[in-house]
Structure formats: structure tokens, C-alpha cells
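Asks: Quick note, the sequences are listed as chains G and C, same order. Numbered by the working numbering, the letters in the first sequence go through residues 138 to 538 in order. Numbered by the working numbering, the letters in the second sequence go through residues 138 to 538 in order.
One or more of the hints may lead you astray.
Said to hold, decoys possible - Every beta carbon over 12 Å from chain G, so not counted as near; a handful from chain C, in silico: (1) Ile146; (2) Arg158; (3) Glu162; (4) Asp165; (5) Asp168; (6) Phe265; (7) Asp269; (8) Pro313; (9) Val314; (10) Glu320; (11) Gly339; (12) Val399; (13) Thr404; (14) Gly490.
To be verified - When the alpha-carbon atoms are kept at most 16 Å apart in a straight line, the in silico EDC-like pairs for lysine to aspartate or glutamate are as follows: (15) C:Lys395 to G:Glu425; (16) G:Lys178 to C:Asp165; (17) C:Lys178 to C:Asp480; (18) C:Lys178 to G:Asp420; (19) G:Lys178 to G:Glu433; (20) C:Lys178 to C:Asp526; (21) G:Lys178 to G:Glu418; (22) G:Lys395 to C:Asp165.
These aren't lab readings, by the way, just hints derived from the structure by calculation. Every residue, glycine too, gets a C-beta built ideally from N, C-alpha and C.
There are 2 protein chains.
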Amino acid sequence: MNFLNEVAIRHPHAISFAAGRPIDEHFDAADVHRWLDVYLKHEGIPASALFQYGPTKGIIAEPVARHLRADEGIEIDPAAVLVTVGAQEAIHLVLRALRRDDRDAVLAVAPTYVGFTGAALTMDLPVFDVRDGDDGIDLDDLAETVRRVRHLGLRPRACYVMPDFANPSGRSMDVPVRHRLLEAAAEHDLLLIEDNPYGFFGPRRPSLKALDHDRRVIYVGTFAKTVLPGARVGYVVADQRVHAADGSVSLFADELAKLKSVVTVNTSPLAQAVIGGRLIEADHRLREANAGPAAEYRRNLDRMLAGLERRFSEPRFGGRVTWTAPEGGFFLVVDVPCVVDDDLLELAARDYGVLFTPMSYFLRGGRAVSQLRLSFSRILPEEMETGLDRLAALVADRQLP
Amino acid sequence: MNFLNEVAIRHPHAISFAAGRPIDEHFDAADVHRWLDVYLKHEGIPASALFQYGPTKGIIAEPVARHLRADEGIEIDPAAVLVTVGAQEAIHLVLRALRRDDRDAVLAVAPTYVGFTGAALTMDLPVFDVRDGDDGIDLDDLAETVRRVRHLGLRPRACYVMPDFANPSGRSMDVPVRHRLLEAAAEHDLLLIEDNPYGFFGPRRPSLKALDHDRRVIYVGTFAKTVLPGARVGYVVADQRVHAADGSVSLFADELAKLKSVVTVNTSPLAQAVIGGRLIEADHRLREANAGPAAEYRRNLDRMLAGLERRFSEPRFGGRVTWTAPEGGFFLVVDVPCVVDDDLLELAARDYGVLFTPMSYFLRGGRAVSQLRLSFSRILPEEMETGLDRLAALVADRQLP
Chain G
138 MNFLNEVAIR
148 HPHAISFAAG
158 RPIDEHFDAA
168 DVHRWLDVYL
178 KHEGIPASAL
188 FQYGPTKGII
198 AEPVARHLRA
208 DEGIEIDPAA
218 VLVTVGAQEA
228 IHLVLRALRR
238 DDRDAVLAVA
248 PTYVGFTGAA
258 LTMDLPVFDV
268 RDGDDGIDLD
278 DLAETVRRVR
288 HLGLRPRACY
298 VMPDFANPSG
308 RSMDVPVRHR
318 LLEAAAEHDL
328 LLIEDNPYGF
338 FGPRRPSLKA
348 LDHDRRVIYV
358 GTFAKTVLPG
368 ARVGYVVADQ
378 RVHAADGSVS
388 LFADELAKLK
398 SVVTVNTSPL
408 AQAVIGGRLI
418 EADHRLREAN
428 AGPAAEYRRN
438 LDRMLAGLER
448 RFSEPRFGGR
458 VTWTAPEGGF
468 FLVVDVPCVV
478 DDDLLELAAR
488 DYGVLFTPMS
498 YFLRGGRAVS
508 QLRLSFSRIL
518 PEEMETGLDR
528 LAALVADRQL
538 P
Chain C
138 MNFLNEVAIR
148 HPHAISFAAG
158 RPIDEHFDAA
168 DVHRWLDVYL
178 KHEGIPASAL
188 FQYGPTKGII
198 AEPVARHLRA
208 DEGIEIDPAA
218 VLVTVGAQEA
228 IHLVLRALRR
238 DDRDAVLAVA
248 PTYVGFTGAA
258 LTMDLPVFDV
268 RDGDDGIDLD
278 DLAETVRRVR
288 HLGLRPRACY
298 VMPDFANPSG
308 RSMDVPVRHR
318 LLEAAAEHDL
328 LLIEDNPYGF
338 FGPRRPSLKA
348 LDHDRRVIYV
358 GTFAKTVLPG
368 ARVGYVVADQ
378 RVHAADGSVS
388 LFADELAKLK
398 SVVTVNTSPL
408 AQAVIGGRLI
418 EADHRLREAN
428 AGPAAEYRRN
438 LDRMLAGLER
448 RFSEPRFGGR
458 VTWTAPEGGF
468 FLVVDVPCVV
478 DDDLLELAAR
488 DYGVLFTPMS
498 YFLRGGRAVS
508 QLRLSFSRIL
518 PEEMETGLDR
528 LAALVADRQL
538 P
């Protein structure tokens, strides 16, 4: 990712299909001021309360729990919610808590969001791939991987999944697969880490956490895509019971909070209040509040699929360029008849004026493959058309015979 | 610290000398709105720029560097500044980067800020104590500890110090000691991690970083005490050169940024803009801007010292209660003729209505000692007098013969 960032800085005029950013034209500084005031008025507290340190677990667990009930059908005690500095800190804390010693390991559906594997890497926690397949997760491969990990003398603690419009694949799990995954997790005594940044941007399906009656699922959420990234507010729902050596029982969220106290102490109460005000103003219904952006992402996705079809169905590609057709989200993946590595990315930016994310970034060991990820979340129609023209020209010039 | 928090919640009417919070009566929501606007206007950027993700290293390195020049005499390239979620994330990242494998270790002047030892503990990084003594650091003990750590087959990477009005001891290092510490660090090939949350609240001395001509000092700063804690914005100055295996050279700040990208991605641009606006409004001179609060902390410290003297010079204590007399900061330490453990804290809160921090919290292994830390930063005069009366009653009742 660092190389991608460097290339983007060196070639600022290249059209970017790389960054997975939300739309921001509608953002206004007045929103931030108003949401702050809405929060303070609703809670009946003085502004100075936001200016001090706050509790490690955060101050908006209650509105977050209401939002989860209204939008996701997840019934959760606010005590099981830990507010974090974005979903990334939630993932970091969960991995740190799951790693007790060097016999612990985690699984992840591959290709995998780099923030997950990156965090695991910094704490020497091994990650084992599970194939995604057409279902979003290959349950046979999950079972096989669990067996393999145990055979190595390791303890598979959890499997990381993004059931809705996954980053980077765009794939989703249908409802029967979700039920079977929960059953498999129980059978293998695995936790599931459900990361759901894109769930509002496509057809609605119940989240794993909404279907979870067994406290199997640790649910990671973020307001980066549904309110604004710049607040850096996310959360984790962790209602698992933790039994201490002295016989006492606590919630996993409280164990995570202890770790958080030595990572960031607490999440900015100011930033939390901005998000809290937005939740209150929207009556905790962010799906409805995001209907406009969701429709825009959908139009972009349709335009992208049509644009790919129009260009890559040309005879010169010989049907060798294919792509995933997600139902929503921010991303899709294109298979191209050439190796997609940093050299190709540099060439694409410099000579063709287009940027994308090599899929190698989402694969173990970073081995180069002939796939790239395209983001369509924040790109104007004319930019998208020009960008796809450039991509087609690149692939036409570089395709292997 | 968790037990202290629980006791405080169970006894909300107890007078607290426990929390080290800045004064907040002067905070107003209008300040936050104005600082945001000042920042946007000064930078000439649209508000939407704050609403997106931002660069991992942050957006206010330039005003932070100007502030360090104006207030601390530290000349630093903004490229060596990484903006973090409070000083805590800076400490966390520095420790994580220094720990390459299980042969690495760090040193810390004891008693030590719990955020440092707590962070080291979560990453299995051993911490070795260095005595503070009257100088704020015992340099003979530093040399002896380095020898001992090396003899154990470990690599002492850095020593953590708080040269100005340390938490919890209140002690400061005078200027000759600072010079000798820098020489000792060079001699032992140690880095120094200088944490400076309280430097503006007492007589000014040059920071170690201002005296450092050898890139020995990693400087950790925070705006929690000088602007507002609720923004959760701190930073680290890390201008050390890191030589990679491929011969390339980078700044340590960039290595820390890579780690940050999988911990919190970046620090809230919104929160950074609030701090940035404050810095711009104050012409980057926070020492001047904090003259009012600094005078208030000084009055509180004088009142505290007089109040301790008045009560504990009574014959019934037989001269057995003593205390440190810091020149500034938020804290001092009292020696009492009884063991200060969680039981005493519970009793103090319940039966006497007073809270403090047992010094055992700042010591390795948490062994109970006959010392407690008192914070005087945010307490009204009448509360302080009543609180000290209660503390004197507790000690009188509990003192050992």
C-alpha cells in the first residue's frame, strides 16, 4: 500500500480506481457543528464534558446499540460495545486479545483486507487463508484449514470474514451460507470476526451477528462510510463471556477496553459526539440516512459493469478479461491477461494516467497475480469512462499472447 | 487503575486527589467551532478535506513543528513528526517499533507512568527500573541497570524519562543532570524517550530534545493538558535515521507511521484541525496561552504544600508523614506511616470520603508501599481543604505504632 500511495503522489493527475473512499460532496462544516450541538442538547451535558478525557469504553455505546437494533436487527447490551478509533483499532485490539501466546493463530477469508493481516503481522500472530469461492467462504476449506492449523500444534482462535460486499472481492454470502458458517464455527469452536463497513450499500441481508445466538460473533463496525471518515470512530460488539482464573466473569468488551487503555486511552469524545449527534438526528437509522449515497454507489457500480463489458468484450481481448459482479459495496476485481505488480502500476500511472490496486496486496506473501481491484465509490461518470479507456489501453498493450 | 476507577464510581461524592485532569472551566463549545474555522481558513482548504481519511502521519506536523520551535527551542523538520491519538499511542508505537524480538528490553525511571509499563506489558517487552533519586534519575543506577540487562543477554533499547514534573513523583531534572543523561545515553548507546506532558506548568528548563545534537531523544508530546484532552491528539518527534537492509534510509517517524497504519490508520483530521486552529490562533505559543491555567496550578500546588504542612506537622503524626515538594506539574507524593493498598483506598473512599492513587500502581509488580500520589490540578480550594482534612483523619486513624 505504501508503494501505491507513493505512485499516487508522484502522479497526482492519474485517474484513481484505488482509494475506497466514501462520497464527500455533501459534507459541510455546518453538519459537524450541528451534530455536536445536537448531541450535547440531547444528552443534556455541558460542552466541557467532551473536552475532558472520557471513559475508555466510550460515551456513545447507547446510541450505537440503538442504531444496531434499528438498522441491523442486532439486540445488544450497550455494555458489550467498545467505541474505537475506527474499525482498525477494533481489529487491532481483538487480535491482540486473542493472541495469548505463540500457539494462537487466526484464519481469514482470502483475499483479505490489508488492515487485518497488517495488524496480525505486527504482533506475530499467524494468519491462515480460507478460500472464498463463489459463496464468499469455502466451508470445506474452512474445515480443512482448521484441521491443518491444529495439526501444526496451533490453536485457531477466530476466522475473519466480511460477509457483505467484501473488500477487496466485492463478494457476499447468501443467507443459507451465513447459517452454515455459524454452525461450522460452533462445530470447530471458532469465533467469527465480522467486519461490516459496506453493509448499507447493497441488498440487505441479516448480519452474522443478527443470526448469532451463541456469542460466536465479534462484530466490528465503523462510521467512516455512513457518517464521515474524518471522525475516526468505529466500534466493536464483543458480548463473549470471559472467565478469569479467580472465577469472575467479564465481557470480552471489557477485556478489550483494558488493552485500549494502553493503546489510545479512549476515543476522542469530541469525535464521538459528532457521530452521536448524527445518530440522534437520524433517529439512529443510518441506512435510511444513507439512501442517497447508496443510490449513487449503485449507479457507479452499474456504470462500471457496463463500462467493463463495453470495452473488454472487444475481440482484441479474446474474452480473457473477466470481472466479479458484486451486488453492492465499493469494489470489484478484474482478471487481466498480464501480471499485475508494482511495475505495471508504475507504468499505468506514468504512461496511461490510471491507478488501481494490485490484488497481490491482499494476498499472503504479496505474490503478484493477474488481478486488480477497482474502486468505484467516489469517481465522477466522465472520470470513470476516461479511466476505463485508459485501463483498456494498458491491458491491450500489455496482454500476454 | 481499574480498581481506582471502580471505587470512584461507587463513591461519587468522595473528594478526589486521584485524577490528573487539566482545568476545564474555561472550555466552551464555541472554542471548538472557532478553532475548526480558524484552521480551515488558514490552510485555505474546504471543510470536506477534514471529513475524509487523511495521511497517516497527520495534517498538523507543520504547526506542531512551529510550536516546538517557539515554545521549546526544538528545531525539527516536520517530516520527523507523527501525529498520534494522544501521547499514549505515541508511546505504544515507539515501544512496538523498538521491540524487534524477545531479546529487546527498555528501561524506565521508577516510579513510572502506568501507560508506559502497561503498553510494554501487552507486547511482552520487559521493563527494567532505574531509580529516580533526588536528581530525577540516578545515573549510576542507569549504568548499573544497562550492565545488568546486557548480562541477561538482552538489548537495552531506550530509557523512558519525564524530566519535567514527572508523573507520579513530581520530580524534575536540573540542567546539568540533563546534559549528563544525554552523555550517558551516548555512552551506553541508548535512546531516550522523553515524555513531556507537564513542561509548561512550572519553571522552564530546556527539554532533552532541545539539548540533543545526536538524535538520541524520541520526544513525546500531547495537547491534552495545553489545549484539551477530548481531542485525543498527541505526537512524537522521531528524527532518528533507520537503515534498511536494502541500504535505504528513512526517518524513525516513517517507521512508526507504518505501524500506526494498522493500529488507528490515522488520527482524526477533525480533532487535528481543532488543535491546529488553536495553535494558529495562539501564534503557536502555547506556553503564553497557558499562563492562566499554569498560575492556577501553581496556586493549587502552594495551597497543597501549605495544607500538608499545617496538618501533618501536628504532634500526633510524630513527623512521620513527609512529601515531595515539586516546582510544578500536577502531582506530588506523600509518605505515610501505613501501607497504602486497595483495601486502604476502599476504606478511604467509603468511610472518609477521599480518593488518592496508591503509589503501588506505578511500581513493578504492584507491591504495596506506604506512599500515595495526590493530584492538585483540578480541585477547588475548599474541596482541597476538606479533602486534606479527611486524608489527615484517615492517616491518624490508620498509622502504625
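Asks: Just want to verify: aspartate 168 of chain C was marked as not at the interface with chain G; is every Cβ pair farther apart than 12 Å?
Replies: 9 Å, violated
Asks: Against the 16 Å threshold, does the CA-CA distance of lysine 178 of chain G and glutamate 418 of chain G hold or violate the hint?
Replies: 11 Å, holds
Asks: At 12 Å, judged by beta carbons, does aspartate 165 of chain C keep clear of chain G as stated?
Replies: 6 Å, violated
Asks: Would the pair lysine 178 of chain C and aspartate 480 of chain C pass a check requiring their Cα atoms to be no farther apart than 16 Å?
Replies: Status violated; Cα separation ~54 Å.
Asks: Was phenylalanine 265 of chain C rightly flagged as not at the interface, with every chain G Cβ beyond 12 Å?
Replies: 18 Å, holds
Asks: Tell me if the straight-line CA distance from lysine 395 of chain G to aspartate 165 of chain C falls inside 16 Å.
Replies: 31 Å, violated
Asks: Measure nothing beyond the straight line between the CA atoms of lysine 178 of chain G and glutamate 433 of chain G; if it is 16 Å or shorter, mark the hint as holding.
Replies: 32 Å, violated
Asks: Can the restraint linking lysine 178 of chain C and aspartate 420 of chain G be considered satisfied, given a maximum Cα separation of 16 Å?
Replies: Distance of about 33 Å is beyond 16 Å: violated.
Asks: Quick check for students: does the CB of valine 314 of chain C sit more than 12 Å from each CB in chain G?
Replies: 29 Å, holds
Asks: Test the statement that glycine 339 of chain C is away from the interface with chain G: the closest C-beta pair must be farther apart than 12 Å.
Replies: Answer for glycine 339 of chain C: holds, closest chain G Cβ roughly 22 Å.
Asks: Would glycine 490 of chain C pass as off the interface with chain G, using Cβ distances and a cut of 12 Å?
Replies: With a cut-off of 12 Å, glycine 490 of chain C remains clear of chain G, as the shortest Cβ separation is near 22 Å.
Asks: Taking the minimum C-beta separation from threonine 404 of chain C to chain G, is that value above 12 Å?
Replies: 7 Å, violated
Going down the numbered hints, you'll see the structure goes against 1, 2, 3, 4, 5, 12, 13, 15, 17, 18, 19, 20 and 22, while the others check out.
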